[in-house]
Amino acid sequence: MALTNEIIRSRLMEKFGEQLTGWEEPYGMLTFTSDKNLNLKVLQFLYDDSELGFKFMTDLCAVHYPNQEGKELAVVYHLHNLKENVRIRYKVFTDIQKPDVYTACALFSAANWMERETYDFFGVNFVGHPNLKRILNVEEMEYFPLRKEYPLEDQKRTDKDDEMFGRD
Amino acid sequence: MSEHVTLPEGNVEKHTTTINLGPTHPATHGVFQNIIELDGETIVSAEQTVGYIHRAFEKIAEHRAPYQITPLTDRLNYCSAPLNNFGWHITCERLLGIKTPKRVDYLRIIIMELSRISDHLICNSIVGVDSGAFSGFLYLMQYRELIYEIYEEICGSRLTTNMGRIGGFERNFTNQAFEKLERFMKEWPPALKEFDEMFVRNRIFMDRTIGVGPISAERALNYGFTGPNLRAAGVDYDVRIHTPYSSYQDFDFTIPVGSTGDCYDRFLVRDQEMWQSMEIIKQAYQKVQEFKGAEAEVYHADVPDFYLPDKKDVYTKMEALIYHFKIIMGETALPVGEIYSSIEGANGELGFYLITDGGRAPYRLHFRRPCFIYYQAYSELTKGGLLSDAIITMSSLNLIAGELDA
Chain A
1 MALTNEIIRS
11 RLMEKFGEQL
21 TGWEEPYGML
31 TFTSDKNLNL
41 KVLQFLYDDS
51 ELGFKFMTDL
61 CAVHYPNQEG
71 KELAVVYHLH
81 NLKENVRIRY
91 KVFTDIQKPD
101 VYTACALFSA
111 ANWMERETYD
121 FFGVNFVGHP
131 NLKRILNVEE
141 MEYFPLRKEY
151 PLEDQKRTDK
161 DDEMFGRD
Chain B
1 MSEHVTLPEG
11 NVEKHTTTIN
21 LGPTHPATHG
31 VFQNIIELDG
41 ETIVSAEQTV
51 GYIHRAFEKI
61 AEHRAPYQIT
71 PLTDRLNYCS
81 APLNNFGWHI
91 TCERLLGIKT
101 PKRVDYLRII
111 IMELSRISDH
121 LICNSIVGVD
131 SGAFSGFLYL
141 MQYRELIYEI
151 YEEICGSRLT
161 TNMGRIGGFE
171 RNFTNQAFEK
181 LERFMKEWPP
191 ALKEFDEMFV
201 RNRIFMDRTI
211 GVGPISAERA
221 LNYGFTGPNL
231 RAAGVDYDVR
241 IHTPYSSYQD
251 FDFTIPVGST
261 GDCYDRFLVR
271 DQEMWQSMEI
281 IKQAYQKVQE
291 FKGAEAEVYH
301 ADVPDFYLPD
311 KKDVYTKMEA
321 LIYHFKIIMG
331 ETALPVGEIY
341 SSIEGANGEL
351 GFYLITDGGR
361 APYRLHFRRP
371 CFIYYQAYSE
381 LTKGGLLSDA
391 IITMSSLNLI
401 AGELDA
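Chains A and B supply the protein sequences, listed in that same order. Here our numbering is used: position 168 in the first sequence is 168, and no number is missing along the way. Here our numbering is used: position 299 in the second sequence is 299, and no number is missing along the way.
If we strip away everything but chain A, and leave its shape as in the complex, we get:
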C-alpha cells in the first residue's frame, strides 16, 4: 500500500499525539512542527518505524522570522523515504536568544556539514555536534549573516532611490 500523507500523519499522531502541530501540505508536501526538544525523538521515530522509514536526509537549513517572538529561528528538515518515494518537511522553532537544538549527526552523517552551515549563517547552536564551527565564512566573523537584521547593501547609500518601485 502506498504511503500517503494521511497514513504518515495518523502514524505520527498515534505516537506523539498533540505534541506535533502545524500540519500543512503546501504543494503536496506534508509539513509539521514540534517542540525543539522533541526533534531527535521525532527524527528517530521517522527513521526507525518500519512503516515510515524516512532514512534519507535531503536537506537541512534554517529560516529567520524576526517577528515571531520566542520562535525566531526555524530549523527545517527535508526527509525522503526513497522506497515509497515520499518526502516530508519537519520544522522546529527556537528562540534566537538561546538557539539550542539537538544535533541529528548521530542519525544522519549528512547532517554534519549542513548543521555547520546552518550554524555559520544563522547561529543555531546544535547541541552535541562533534565539530560545530564555521564552514563557509571566515572563523573570525562575529555575526550570522543570513539573519534578517543584516541588510545586503549599505543602508547609508543615497544614490539609490527605490521609492517609485514599491519595494521595502
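Do not rely on the hints blindly, as some may be mistaken.
Cut-off 30 Å, straight-line C-alpha distance, at most; resulting in silico cross-link-like pairs (BS3-like, lysine-lysine) [claimed, not checked]:
#  : chain 1 : residue 1 : chain 2 : residue 2
1  : B       : Lys292    : B       : Lys180
2  : A       : Lys148    : A       : Lys98
3  : B       : Lys99     : B       : Lys282
4  : A       : Lys41     : A       : Lys71
5  : B       : Lys59     : A       : Lys91
6  : B       : Lys326    : B       : Lys59
7  : B       : Lys287    : B       : Lys102
8  : B       : Lys186    : B       : Lys287
9  : A       : Lys91     : A       : Lys15
10 : A       : Lys98     : A       : Lys41
11 : B       : Lys326    : B       : Lys311
12 : B       : Lys59     : A       : Lys156
13 : B       : Lys312    : B       : Lys102
14 : B       : Lys312    : B       : Lys180
15 : B       : Lys102    : B       : Lys14
16 : A       : Lys71     : B       : Lys59
17 : B       : Lys99     : B       : Lys287
18 : B       : Lys99     : A       : Lys83
19 : A       : Lys148    : B       : Lys59
20 : A       : Lys98     : B       : Lys59
21 : B       : Lys282    : B       : Lys193
22 : B       : Lys383    : B       : Lys14
23 : B       : Lys102    : A       : Lys156
24 : B       : Lys383    : A       : Lys55
25 : B       : Lys180    : B       : Lys282
26 : B       : Lys292    : B       : Lys311
27 : B       : Lys287    : A       : Lys133
28 : A       : Lys83     : A       : Lys55
29 : B       : Lys14     : A       : Lys133
30 : B       : Lys180    : B       : Lys193
31 : A       : Lys91     : A       : Lys156
32 : B       : Lys282    : B       : Lys186
33 : A       : Lys133    : B       : Lys59
34 : A       : Lys71     : A       : Lys83
35 : B       : Lys311    : B       : Lys99
36 : B       : Lys326    : A       : Lys148
Where chain B lies over chain A, by a calculated footprint (3+ residues, C-beta under 8 Å) [to be verified]:
#  : stretch
37 : 5-17
38 : 20-32
39 : 38-50
40 : 80-93
Simulated from the structure, these hints should not be mistaken for lab results. Every residue, glycine too, gets a C-beta built ideally from N, C-alpha and C.
The hints should help you fit chain B onto chain A, whose structure is shown.
Showing chain B alone in chain A's frame:
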C-alpha cells in the same frame, strides 16, 4: 590555524607528515583545501576546508527578482549551468502553477542532457588525467566545444549560460542550433566509444581505480549522496524517475547502477549515463521534429506576467514595454508559498527550497547542493588509502567548487 601546523615545544619531528593539498593545488581542480596527515604514503586523516569562493548567493537571492537569480544559479555547478538555470525556472513554475507546453519540455530535455554529457565528460576525462592519461581529456574537450556552440546558438553564451525564461526559452531554436545538434549527435558517439576503449578495460586504469575510495550503499545514503556517486554504490535513485519533471516520463531510458561505489564504478556509471543521455536526446529530437503546424513553433508558455516579451515588441509596443519593465524590476509579486523542488543535476539532486512572502524577491531561498553534501564523506573515503588514490577519489567524486560554496 589548526594544531597540525604548530609542533609541540622542543620537538621538531613527529611520526606523521602534514601536507596541504590545495587550496590552489592543480590536483584539486578547484579552490578547496585538504589538510592531510600522512604516515609514509598512507593517509591517516584528512580534513577538508571549503568556502574559498563563497559568494553569499542565498543572501543575495533574498533581494533579487526571479530573473536576477538565474545568473546566480549559473555559478553553482558551472560545468552544467543550464541544468541549474532550468532547475530554478522549474521551481518558479511549480510555485506559480505554470504548465509548460510539451515542446518546451522536450527542448529543455535536449539541453539538460547535453549539459549532463558536458559535465560527465569533464569528470571522467579528469579521472583519466589523474590516473596519468592526459590525451583523453584534450580529445573530449573538442566535443564539449560542440555542446557549447549549441548553447551559444540558443542563448548567446557558453559557460555561464543564463539560459531560458520562466515558462520556456527566450527565443525559438534556430535551424543552425538544430544543425549543430545533429552534428554533435553524429560525431559524439564514436568519440565516446574511443574514449571507452581507451579506459574501460585498460589494465593500468583498472588497477588505479578498482577498490579505490569505495563507499557502501548504506553509508552513501547516510551521507546524503545523490546522483552518479550514489548510483555507483548501488542505489537506483534518480530524480528524473522518482519525481519526473519536464516530461521525463515520456522517455525510455535506463538508470545505470554500480555495486562497490569505488572510483571505477563511479567512472562507469557516468560513462553509461552519457550513453543514456544520448538516447534521451535522440528521442527528444525525434519528438520535437514530430510537432506540426503552430505547435512546432511553440517555445514558451503563455504567462505574460513572468515571461519577458519579445525584444522587438518592447521597442515598439507600449504594453510590451510595461511588462518588460515590470518583470525586470520584479513588480509582479510572487505568490505566498513554500516549496521544495528538485531536479537531477549532473552531480545529484539539485534542490531549491523557496519560501515567498508575497514580495518581489524570495523570503528565503536555500540551494541543496549535492557536492557540498557528499564532500563531507571525503575523509572517510580516503582514510587508510594512498595519497595518489586520494587525488583520484577527489576527481571521481566530481567536486565543483562553485557548487560546494554557493
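Status of each hint after checking the structure:
1. Between Lys292 of chain B and Lys180 of chain B the CA atoms are separated by roughly 22 Å; this keeps the pair inside 30 Å, and the hint holds.
2. At roughly 17 Å between alpha-carbon atoms, Lys148 of chain A and Lys98 of chain A fall within 30 Å of each other, so this suggested pair holds.
3. With a CA separation close to 24 Å, the supplied pair Lys99 of chain B and Lys282 of chain B stays within the 30 Å bound.
4. Annotation: proposed proximity of Lys41 of chain A to Lys71 of chain A holds, straight-line Cα distance about 20 Å (limit 30 Å).
5. Pair hint Lys59 of chain B plus Lys91 of chain A holds up; C-alpha atoms about 21 Å apart against a cutoff of 30 Å.
6. Between Lys326 of chain B and Lys59 of chain B the alpha-carbon distance is near 23 Å, which keeps this suggested pair within the 30 Å criterion.
7. The straight-line distance between the Cα atoms of Lys287 of chain B and Lys102 of chain B is roughly 9 Å, inside the 30 Å bound, and the hint therefore holds.
8. With a CA separation close to 18 Å, the supplied pair Lys186 of chain B and Lys287 of chain B stays within the 30 Å bound.
9. For the proposed pair Lys91 of chain A and Lys15 of chain A, the alpha carbon gap of about 17 Å is at most 30 Å, so the pair holds.
10. Of the supplied pair hints, the one linking Lys98 of chain A and Lys41 of chain A holds, its CA atoms being roughly 21 Å apart against a limit of 30 Å.
11. A hinted pair counts as satisfied when its Cα atoms are at most 30 Å apart, and Lys326 of chain B with Lys311 of chain B qualifies at roughly 14 Å.
12. Taken as a hint, the Lys59 of chain B and Lys156 of chain A pair is honoured in the structure, with Cα atoms around 19 Å apart against an allowance of 30 Å.
13. Restraint check for Lys312 of chain B and Lys102 of chain B: satisfied, since their Cα atoms lie roughly 26 Å apart, inside the 30 Å limit.
14. In summary, the hint linking Lys312 of chain B to Lys180 of chain B is supported, as the alpha carbons are separated by about 26 Å, within the 30 Å threshold.
15. With a C-alpha separation of about 65 Å, the suggested pair Lys102 of chain B and Lys14 of chain B falls outside the 30 Å cut-off, and the hint is violated.
16. Proximity of Lys71 of chain A to Lys59 of chain B is assessed by CA-CA distance (about 21 Å); at most 30 Å being required, the pair is judged to hold.
17. Taking the CA atoms of Lys99 of chain B and Lys287 of chain B, the gap is near 18 Å; set against the 30 Å cutoff, the hint holds.
18. A hinted pair counts as satisfied when its Cα atoms are at most 30 Å apart, and Lys99 of chain B with Lys83 of chain A qualifies at roughly 28 Å.
19. For a cut-off of 30 Å, the pair hint linking Lys148 of chain A to Lys59 of chain B stands: about 9 Å separates their Cα positions.
20. A threshold of 30 Å between alpha carbons decides the hint, and for Lys98 of chain A with Lys59 of chain B the separation of about 23 Å falls inside it, so the pair holds.
21. Note on Lys282 of chain B and Lys193 of chain B: the hinted pairing holds, with a Cα-Cα distance of about 17 Å set against a maximum of 30 Å.
22. The suggested pairing of Lys383 of chain B with Lys14 of chain B holds, with an alpha-carbon distance near 19 Å, which does not exceed 30 Å.
23. The hinted pair formed by Lys102 of chain B and Lys156 of chain A fails the criterion: a straight-line CA distance of about 49 Å is larger than 30 Å.
24. Between Lys383 of chain B and Lys55 of chain A the CA atoms are separated by roughly 25 Å; this keeps the pair inside 30 Å, and the hint holds.
25. Between the alpha carbons of Lys180 of chain B and Lys282 of chain B the distance comes to roughly 14 Å, so the proposed pair stays at or under 30 Å and holds.
26. Taken as a hint, the Lys292 of chain B and Lys311 of chain B pair is honoured in the structure, with Cα atoms around 26 Å apart against an allowance of 30 Å.
27. Between Lys287 of chain B and Lys133 of chain A, the direct Cα distance comes to roughly 51 Å. Violation of the 30 Å bound is thereby established for this hinted pair.
28. About 10 Å separates the Cα atoms of Lys83 of chain A and Lys55 of chain A, which keeps this hinted pair within 30 Å; it holds.
29. A C-alpha spacing of about 27 Å is found between Lys14 of chain B and Lys133 of chain A, which places the hinted pair at or below 30 Å, so the restraint holds.
30. Only pairs whose Cα atoms come within 30 Å are accepted, and Lys180 of chain B paired with Lys193 of chain B is accepted, the gap being roughly 20 Å.
31. Under the criterion of a C-alpha separation no larger than 30 Å, the hint pairing Lys91 of chain A with Lys156 of chain A is inconsistent with the structure, at around 36 Å.
32. Taking the CA atoms of Lys282 of chain B and Lys186 of chain B, the gap is near 11 Å; set against the 30 Å cutoff, the hint holds.
33. Straight-line distance between C-alpha atoms of Lys133 of chain A and Lys59 of chain B comes to about 20 Å, which keeps the hinted pair within the 30 Å bound.
34. Proximity of Lys71 of chain A to Lys83 of chain A is assessed by CA-CA distance (about 34 Å); at most 30 Å being required, the pair is judged violated.
35. Taken as a hint, the Lys311 of chain B and Lys99 of chain B pair is honoured in the structure, with Cα atoms around 23 Å apart against an allowance of 30 Å.
36. Restraint check for Lys326 of chain B and Lys148 of chain A: the C-alpha separation of about 26 Å stays at or below 30 Å, so the hint holds.
37. Remark: the stretch 5-17 of chain A is not confirmed as covered by chain B, as 0 of its residues place a Cβ nearer than 8 Å to a Cβ of that chain, below the required three.
38. Residues of the stretch 20-32 of chain A lying with their CB closer than 8 Å to a CB of chain B number 4, which satisfies the three-residue condition for coverage.
39. Using a Cβ-Cβ cut-off of 8 Å, 0 residues of the stretch 38-50 of chain A lie near chain B, which falls short of the minimum of three, so the contact claim is violated.
40. Taking a C-beta to C-beta cut-off of 8 Å, the stretch 80-93 of chain A contributes 4 residues in contact with chain B, enough for the three needed, and the coverage statement holds.
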